[in-house]
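Protein sequence lines, in the order shown, are assigned to chains A and B. Under this note's numbering, residues 1 to 327 are what the first sequence spells out, in order. Under this note's numbering, residues 1 to 243 are what the second sequence spells out, in order.
Hints are computed from structural coordinates only; laboratory data are not their basis. Incorrect hints may appear among the rest.
To be verified - Lysine-lysine pairs mimicking DSS-like chemistry, simulated, CA-CA at most 25 Å apart:
| hint | chain 1 | residue 1 | chain 2 | residue 2 |
| --- | --- | --- | --- | --- |
| 1 | B | K72 | B | K157 |
| 2 | B | K130 | A | K178 |
| 3 | B | K130 | B | K93 |
| 4 | B | K66 | B | K9 |
| 5 | B | K9 | B | K157 |
| 6 | B | K157 | A | K178 |
| 7 | A | K178 | B | K72 |
| 8 | B | K66 | B | K157 |
| 9 | A | K178 | B | K93 |
| 10 | B | K72 | B | K9 |
Computed from a predicted structure; not experimentally measured.
Spelled out, the chains give:
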Amino acid sequence: MLGQGRRGWRWVGAILGAVVLLGFPIVVPDVYLQHLAILFLLWVTLGTSWNLLGGYAGQISFGHAAFFGMGAYTSSLLFAKLGFPPWPGMLLGGVAGVLLAVPMGYICFRLRGPFFALSMLALSEFLRLVALNWRDLTEGAVGILLPPFFISKLPYYYIGVALAAATMLATWVLVDSKVGFYLLAIREDQDAAEALGIDTTWYKLVALMASAFFTAMAGSYYANYMAYIDPPIVFSIVDLSIAMILVAVLGGMGTLLGPVVGALVIVTLSEAFRAYFAAAHLIVYGVLIIVAIVFMPEGIVGSLAARGPRWLRPRVATEAPATGTGH
Amino acid sequence: MGEMLEVRKLSKYFGGLPALVNVDFTIAPGEIVGLIGPNGAGKTTLFNVITGVFRPTSGEIHFEGKNLVGLKPHDICRLGITRTFQVVKPLPKMTVLENVMVGAFARVGTKEEARAIAVRELEFTGLLPKRDALARSLTLADRKRLELTRALATRPKLILLDEVVAGLNPTETEETIALIQRLPERGIAAVAGVEHVMRVIMTISQRIVVLNYGRMIAQGSPEEVGHNPEVIQAYLGEAYAET
Numbered sequence: 001m002l003g004q005g006r007r008g009w010r011w012v013g014a015i016l017g018a019v020v021l022l023g024f025p026i027v028v029p030d031v032y033l034q035h036l037a038i039l040f041l042l043w044v045t046l047g048t049s050w051n052l053l054g055g056y057a058g059q060i061s062f063g064h065a066a067f068f069g070m071g072a073y074t075s076s077l078l079f080a081k082l083g084f085p086p087w088p089g090m091l092l093g094g095v096a097g098v099l100l101a102v103p104m105g106y107i108c109f110r111l112r113g114p115f116f117a118l119s120m121l122a123l124s125e126f127l128r129l130v131a132l133n134w135r136d137l138t139e140g141a142v143g144i145l146l147p148p149f150f151i152s153k154l155p156y157y158y159i160g161v162a163l164a165a166a167t168m169l170a171t172w173v174l175v176d177s178k179v180g181f182y183l184l185a186i187r188e189d190q191d192a193a194e195a196l197g198i199d200t201t202w203y204k205l206v207a208l209m210a211s212a213f214f215t216a217m218a219g220s221y222y223a224n225y226m227a228y229i230d231p232p233i234v235f236s237i238v239d240l241s242i243a244m245i246l247v248a249v250l251g252g253m254g255t256l257l258g259p260v261v262g263a264l265v266i267v268t269l270s271e272a273f274r275a276y277f278a279a280a281h282l283i284v285y286g287v288l289i290i291v292a293i294v295f296m297p298e299g300i301v302g303s304l305a306a307r308g309p310r311w312l313r314p315r316v317a318t319e320a321p322a323t324g325t326g327h
Numbered sequence: 001m002g003e004m005l006e007v008r009k010l011s012k013y014f015g016g017l018p019a020l021v022n023v024d025f026t027i028a029p030g031e032i033v034g035l036i037g038p039n040g041a042g043k044t045t046l047f048n049v050i051t052g053v054f055r056p057t058s059g060e061i062h063f064e065g066k067n068l069v070g071l072k073p074h075d076i077c078r079l080g081i082t083r084t085f086q087v088v089k090p091l092p093k094m095t096v097l098e099n100v101m102v103g104a105f106a107r108v109g110t111k112e113e114a115r116a117i118a119v120r121e122l123e124f125t126g127l128l129p130k131r132d133a134l135a136r137s138l139t140l141a142d143r144k145r146l147e148l149t150r151a152l153a154t155r156p157k158l159i160l161l162d163e164v165v166a167g168l169n170p171t172e173t174e175e176t177i178a179l180i181q182r183l184p185e186r187g188i189a190a191v192a193g194v195e196h197v198m199r200v201i202m203t204i205s206q207r208i209v210v211l212n213y214g215r216m217i218a219q220g221s222p223e224e225v226g227h228n229p230e231v232i233q234a235y236l237g238e239a240y241a242e243t
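The following block holds chain A by itself, in its conformation from the complex (with noise of 0.2 Å):
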């Protein structure tokens, strides 16, 4: 059946997919090409978890950054301060994150409309200027520089394929369960969600705990690798709060595939228009947002996929009995 032949193609993909990225550094050994592929495994993370929560749930949030800066630091702090290990001390990070997620959640997920949206921009504003100011435990504006861990590039490297691949897996297993069909129920319509025994709150704010974990665990990989943050780096609204956004819009929100490939595209791009535009590569991401909206909606991978097999397509996969099972 079409399920059967959809459900191979996925593991023959996924298979491929973890060879590649597996063996990329071994055959590949220049370093900067190897920052490159680190930076792209920490946009795939970023862009699956805000997919999970904008493109699936449709709760959409100007203000990620929160969460990411809220690893960060925590994670940093720890280390630091406290000599507390790096590696635990980023599923510290994480629930750090979902921490600071469930009052937000709470609160908003009650209310409709661009309540949520905003909160988050005012919250990731909110938490920069407690960093910045609050000189005692983060060192304000001189930020935290942190002893490398490692020289070489190769264990960030594939600490970054685990978490990118593990917030992958966590948003399919997600998906193609009961939680998936009631976050897609809530995007579409919330009023008939409700009225056939959805929880619509504690949906949202489930959806909105794994964002915020798997954000803020990016946050703390990045301060680890980056080994300096500083509040304007951590909670920036452009290149991180907007940028996630334009990574699952572009690259297709509610698909699975989609924040890889916005992920793809989005640092290639801003490397190559780094040198030559400086600050300018903002304008560069205005025009893709309007690029994207105008031309494809339904981002890179929605648009492909529905002109493309359908197997392809971003769908749960229900069509037959036979997928999505035993796992």
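Starting from the known structure of chain A, fit chain B onto it as the hints suggest.
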């Protein structure tokens, strides 16, 4: 006859505007009740209050002995009351089957179980051939049928149908009525909200409740209601009420 749903002295004001005033009725298990009222009579408000979208200003709603006032719509769905919407609300980018599976998940946890329930309900309503179509591609009649199917998949004991036949042609109306008539044999009670005193509703309903300007002006068998002077007045004007 044990009553399943009891609505007592139910009122709902929006500011100073009375949308429902002292509405009082009951529904027994497996009963079909026609809820008739002109546009703006308060039918949708009544459904919204029963299903927890709005909190009543005063009055009580009991379902199988449980007080519904203050519960959320999703709680009320899980207790066994579900509804369709006057302005249909399909989940447009999901397929027909997926729409119905969302309903089925109210009772089961896995995709396989939900799919099995959904397929059964799609067979019941005759939408199974369109299972893979996107909901947004359906005609109005099919969207209405999809909403009914999706509501049935939540395994309700009572289903509130808002404007069941509005916008349907005579054939589609007949088909919908035939479906509603089969609900009691499955132990499901239904309230069918309609704008006009239609013969079809009169024939399938055991009881008719008539609303006008938020007040219940008549209740009884279709026969009684059809001859009630107040009902005639509400629909045809005062001149006809005398004769």
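Now for the hints, and whether the structure bears them out:
Straight-line distance between C-alpha atoms of K72(B) and K157(B) comes to about 17 Å, which keeps the hinted pair within the 25 Å bound. Annotation: proposed proximity of K130(B) to K178(A) holds, straight-line Cα distance about 22 Å (limit 25 Å). A distance of roughly 14 Å separates the Cα atoms of K130(B) and K93(B); the hinted pair therefore holds under the 25 Å criterion. The hinted pair formed by K66(B) and K9(B) meets the criterion: a straight-line CA distance of about 16 Å does not exceed 25 Å.
For the hint pairing K9(B) with K157(B), the CA-to-CA distance comes to about 23 Å; that is within 25 Å, so the pair holds. For a cut-off of 25 Å, the pair hint linking K157(B) to K178(A) stands: about 23 Å separates their Cα positions. Taking the CA atoms of K178(A) and K72(B), the gap is about 20 Å. The hint holds against a cut of 25 Å. Distance check on the hinted pair: K66(B) and K157(B) sit about 14 Å apart at the alpha-carbon level, within 25 Å; holds.
Proximity of K178(A) to K93(B) is assessed by CA-CA distance (about 17 Å); at most 25 Å being required, the pair is judged to hold. A C-alpha spacing of about 21 Å is found between K72(B) and K9(B), which places the hinted pair at or below 25 Å, so the restraint holds.
Comparing the model with each numbered hint stated earlier shows that all of them hold.
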